[in-house]
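> Chains as they are written, first to last, in numbering that gives the first Met the number 0: chain A, 0 to 412; chain B, 0 to 412.
Hints were generated in silico from the structure; no laboratory data involved. The structure displayed is predicted, hence computed values, not measured ones. Misleading hints may appear alongside valid ones.
Where chains are identical, the list cannot tell them apart; a pair therefore holds if satisfied intra-copy or between any two copies.
In silico EDC-like links for lysine to aspartate or glutamate, alpha-carbon gap of 20 Å or less [said to hold, decoys possible]:
(1) K397 <-> D145
(2) K133 <-> D320
(3) K133 <-> D145
(4) K319 <-> E130
(5) K262 <-> E226
(6) K37 <-> D17
Here is what each chain is made of, one letter per residue.
There are 2 protein chains.
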Amino acid sequence: MLARSVLFVCFGAVAAQDLINLIVPPDAKAALAASAGKLDSLALNEEELQWLHVLAEGWATPLKGFMTEEEYLQSTHFEHIIVDGQYVPMPVPIVKTCTTEEKDKLTGKESIALTHNGKIYAVMKSPSFYEHFKEERAGRTFGITDKGHPYIEIIHNGGDWLVGGEIQVLEKPVYNDGMDQWRLSPAELQAEFKKLGADAVFAFQLRNPVHNGHALLMQDTAAKLKEQGYKKPVLWLSPLGGWTKDDDVPLKTRMDQHHAIIKNGIFGDTPVVLGIFPSPMIYGGPREVQWHAKSRMNAGATHYIVGRDPAGMKHPDGTKDLYHMWHGQTMLKNNPGLAKMKLLPFHFASYDTKAGKMAFFDPKRKEDFQSISGSKMRKMAANGESPPAGFMDPEGWKILVAYYKSLAGKKEL
Amino acid sequence: MLARSVLFVCFGAVAAQDLINLIVPPDAKAALAASAGKLDSLALNEEELQWLHVLAEGWATPLKGFMTEEEYLQSTHFEHIIVDGQYVPMPVPIVKTCTTEEKDKLTGKESIALTHNGKIYAVMKSPSFYEHFKEERAGRTFGITDKGHPYIEIIHNGGDWLVGGEIQVLEKPVYNDGMDQWRLSPAELQAEFKKLGADAVFAFQLRNPVHNGHALLMQDTAAKLKEQGYKKPVLWLSPLGGWTKDDDVPLKTRMDQHHAIIKNGIFGDTPVVLGIFPSPMIYGGPREVQWHAKSRMNAGATHYIVGRDPAGMKHPDGTKDLYHMWHGQTMLKNNPGLAKMKLLPFHFASYDTKAGKMAFFDPKRKEDFQSISGSKMRKMAANGESPPAGFMDPEGWKILVAYYKSLAGKKEL
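If we strip away everything but chain A, and leave its shape as in the complex, we get:
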């Protein structure tokens, strides 16, 4: 039982005291703000502000700022960075772009201020500039270079240079969208799990509304963890909160739906912690699932639920899925740096027409099961139709209907 007793002391791989926290203590804020106000500044776009948030709270521990060229090369080539000769998972480049004009202006500065909408968020020390090889970055990160991929489009819209360096952050970014209270930092999450007396924390990365098939899986997972001897498994619902592509369901709608279903008890008696993950999506499949797992491990997850084709999408040429559906899971299994977290495979649940509820697929009576795809669900919601009874918590469903109604006529579903 050694492993279990260790879990009581330290959730996941990074104990709270070892998490990188780049936010200055409250008593140091005024001094930093005063000095930052005198510095030359560089603007962060919205997506870069989200990465700053990720860095600030230690989701990307041990990174201390936007990647330098060495860190960037290690990340793009190895999907790890090298720290004291050790390989630490870092599958996604976390970088700041700038233009040639900005580089020329800021080269040689001791420090620069990082701003968004005119507000100073952070100070970057000893900024170092390096060329932004956009095609190569896309190819290494995604295995394609097609600008029809939404994040590759972001890469190409960025400047021709990258700038890296350690940062000090003035305060936790807030978004004033009514959801800031759900943006718990890794340290806050670890404290919450401890307060709940959790001896296992199973994380569920979300970018979609939760239906009763998901709920069934979560209840089943909690039961299995108890069978393994865990006394207090806690479910961490972890919706991705940063940039997503246009046709994904927006965070606000998803959060409203999550609140409704938690309130209505669809997860049974398992304690649920709802905490937004502030990262942007990159739609990077096997690379990105490692990022999603690593960041949750840093925040205290001991178990990680992984399904088919995580963080995948259609190839921009429309012919096929961009990634093989099991490569994501394979890469998670093969990454020694993530081995402190146990993988829980996602069992496929679909609508059992005989039982009138979501159930684990039974190949012996496959004619009884009906698959309700995301696009079918979107069409039903847009038409105000009800799904089969038992597909989704009715209050949660109404929230989706309202969202898709609001879209009607604005874009194709």
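Given chain A, put chain B in place with the hints provided.
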């Protein structure tokens, strides 16, 4: 002096007894050949036969055959494979392609025979088939997916499936081109270095004729190693012997040139071992330089010479170099798995018109130096012109002139 005394026992990172040798002992050959003759077979193309040679002799230790899907994913994602939880450098996928028809015919077979031109070279046990995602393989390996890249063209000409599994090789591949005696295995090279009493082996990967600027660098390197206390530094000239693109100088011409310059003593009193590296080129820049270093480390190199833009080429779109000139060196420095070998940076030598010989570039009198590029050299050789005195050993030069004369009219230079 601990590290040095270790070098006497074991050159490089892999001692001879730990090198993977997939060639069966002579007394087991007849039995394997007899059983192999009864198996279904799969043909290797010329490039795949070269990879088989690489695998057979342990250049890619610890690989025991063409990569399985897990090894392939680890290599393409991590540039390493994972062995007992440890990261082992393996930056280049070493794979065998096949068509859908071949896969359908061979799936489920316990063993298959690998052939080339009708001759059985090896037996693959428990072959496992997996999809060949050609675009993704290119993107992750090269950072581009452009089919104008000569190795990406090879990838696209391959079958839609890959097949991996451990192999037993009947005998060392021979090519009957008059150069087989120079194709020393890693174990033979280690023995040769030991016989010479080497306490340092500095490897020079070659894909071009050697001019006196290279010779100057080699002499300088030997002198520096002696200054560091090494008594018997040995130079290992290691020309790449496998597939190269059409406009590279062919192996036979290069070897003739190398033999001439060694005979004429241009490396001074440093002992020289000439041993062909049987690998194909992939023109993979920062990935490939790691492969070139790792394979030489396995064969006994203790020091590795690395220049600008190793294994690089022009972007197929013709606009620029495909890779940043220092990224290859940076990746070598950043790979902890290669740290047992010391890196020796390549100092740039060019023609010193005042001294009438190749010399290290002196920025204080840059007007005295004349750069003789590869394309300038090719044009001079094709026209039967003599280069400036002291640029290259005259006998070596004549060999190049003969080669380029033979090409005249066949293709553009």
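> Evaluate each hint against the coordinates.
Hints, one by one, checked against the model:
1. Taking the closest pair of Cα atoms, K397 and D145 never come within 20 Å of each other, the shortest separation being 37 Å inside a single copy and 48 Å across copies.
2. When the C-alpha separation of K133 and D320 is checked against a cutoff of 20 Å, the pair qualifies only between copies, where the shortest distance is 14 Å, while the shortest distance within a copy is 23 Å.
3. In this assembly of identical chains, the alpha carbons of K133 and D145 lie at most 20 Å apart whether taken from the same copy (11 Å) or from different copies (14 Å).
4. For a Cα distance limit of 20 Å, the shortest separation of K319 from E130 across copies, 14 Å, qualifies, whereas the shortest one inside one copy, 33 Å, does not.
5. Taking identical chains as interchangeable, the C-alpha atoms of K262 and E226 are never at most 20 Å apart, the minima being 26 Å within one chain and 75 Å between chains.
6. Proximity of K37 and D17 under a CA criterion of 20 Å is satisfied in neither setting, with 32 Å inside one chain copy and 61 Å between copies.
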